[in-house]
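> Between the sequences and the hints, there should be enough to build the whole structure, so can you do that?
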Amino acid sequence: MTAPLFLGHDLGTGGDKAVLVDLDGTVLATAFAEYGLAHPRPGWAEQDPDDYWAAVARTTREVLAQADVPASRVAGIGFAGQMLTMVPLDAAGTPVLGAISWMDSRADAEAARLVRRFGGPGVVRLVAGAVPSGKDIVCKMAWIKRNEPAAFARIAAFCDATGYLVQRATGAVVADHTAGAGTGLLDRKRRRWDPLLVTAIGAPRRKLPRLVPCAEVVGGLTADAAADLGLRVGTPVIAGMGDVPAAQVGAGCVHPGDAHLCLATSGWLCTTVDRPRDIGTRGIYSLAAAHPEQFAMVGESETVGECLDWLAARLGTDVPALLEQAATVEAGADGLLF
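Heads up: the sequence shown is residues 1 to 338, going by the working numbering.
Since the hints were derived computationally from the structure, they do not count as laboratory data. Remember, it's a predicted structure, so these values are computed and weren't measured experimentally. You may find that some hints are simply not true.
[Unchecked claim] Computed cross-link-like contacts, DSBU-like style, restricted to lysine-lysine with a CA-CA straight-line distance of at most 35 Å:
(1) K207 to K145
(2) K207 to K189
(3) K17 to K145
(4) K17 to K189
This is the structure:
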C-alpha cells in the first residue's frame, strides 16, 4: 500500500508557503507564491482573496511536481493563515469585500468608541483581557456596519483568512478555536462564543462561523476546488488554525513554559501556558492554542519585516543587502533600536 502524504499551507502576509510531508513529518517538497498588499488609503491594508486561492493552487501543483507524486497520495490538507485578517462572505461563499488585513487600522475610531462605551481601558482589560485596536475583528465588524451598511447586510459570515480557504476548498463555513480566540469573543476555557461578550459588544452572532477544533475534518475538496489544486475530489480538509498557534506547534513548543520567537512581516514572542494569562498593560494576550487545554501567551510587534521593506524602499536597495550590511555591525548596534 502506498504511504499517504499530507499537504500544509501557511498563508502569510506576503505569500503562500506550501509543504508536502509524509507520515513521519519528512519534508518532500516546498513552494512559495507571492501576492501583493494594497494601501488604498492611509492606514488601510487590503488583499484580494482570489490572490490567496491562486497562490494556494500554484504552490499545491508545484509541490506535487517537485516530489513527483500522484494527487491520489495526498490524504489530507491543512491551512494556517494570517490571524485577524477579515474576509467577509455572502451566503454563496463569495467575498463581499476585499480581505481587510490584520495590518489595517481603519477601525481605530470604532475601537476608541468601544473602549469609551465600556468605561475605559482598565475595565476593558479586566473583562476581555486586552484593549482592542482598529486591527481587531470586532472593530472591523463595527466599521463595516457603520461605513458599508449595504455590504454588511449581505454578509453571511465573518471569516478569517484560514476560514476563507477552508470555505473555498470545501464549502464549509467554520472557524477553529484559535481563530475564535483572535476575535476576542471566545470563551477561551469552554471554547465557545461567549454569549455575554457577543451581546455586550453588539457583535452579529448569526454572522459568526461555527466553531470547531483545529484538527477536525470539516469536509472534502469540492469538484471545483480539486480542479484548481490538481487534487482528488473529496480529499479531506481540516479546520486549520491561525499562524501563531501553528508556529507554536511547529516550533515544538507543546509543553507549558516552552517559548518561541517568530520574525516575519510581523513578529511575536509566544509562551505555551496551561491557563489564560494576560498582561493587558503590555499588550500580551493568551490565545486558545491548538491543544484543547493549552494557550498561546503572545506579545506581538506588528511591523518587523515590514519595517525592513519600508527602509529598503526608501534607501533604494533590497532587504538582503540591508541584512548583509547589518551583519557587519557588532551585536547590540551601540544601542540602536530602529
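> K207 and K145 were given as a pair; does the straight-line alpha-carbon distance stay at or below 35 Å?
holds, 12 Å
> Is the hinted pair K17 and K145 satisfied, with a Cα-Cα distance of at most 35 Å?
Roughly 33 Å separates the two Cα atoms, so the pair holds.
> Are K17 and K189 close enough, with their CA atoms no more than 35 Å apart?
holds, 31 Å
> Compare the distance between the alpha carbons of K207 and K189 with 35 Å, and conclude whether the hinted pair is satisfied.
Since the Cα atoms of K207 and K189 sit roughly 22 Å apart, the hinted pair holds (cutoff 35 Å).
Every hint, counting from the list given before, is met by this structure.
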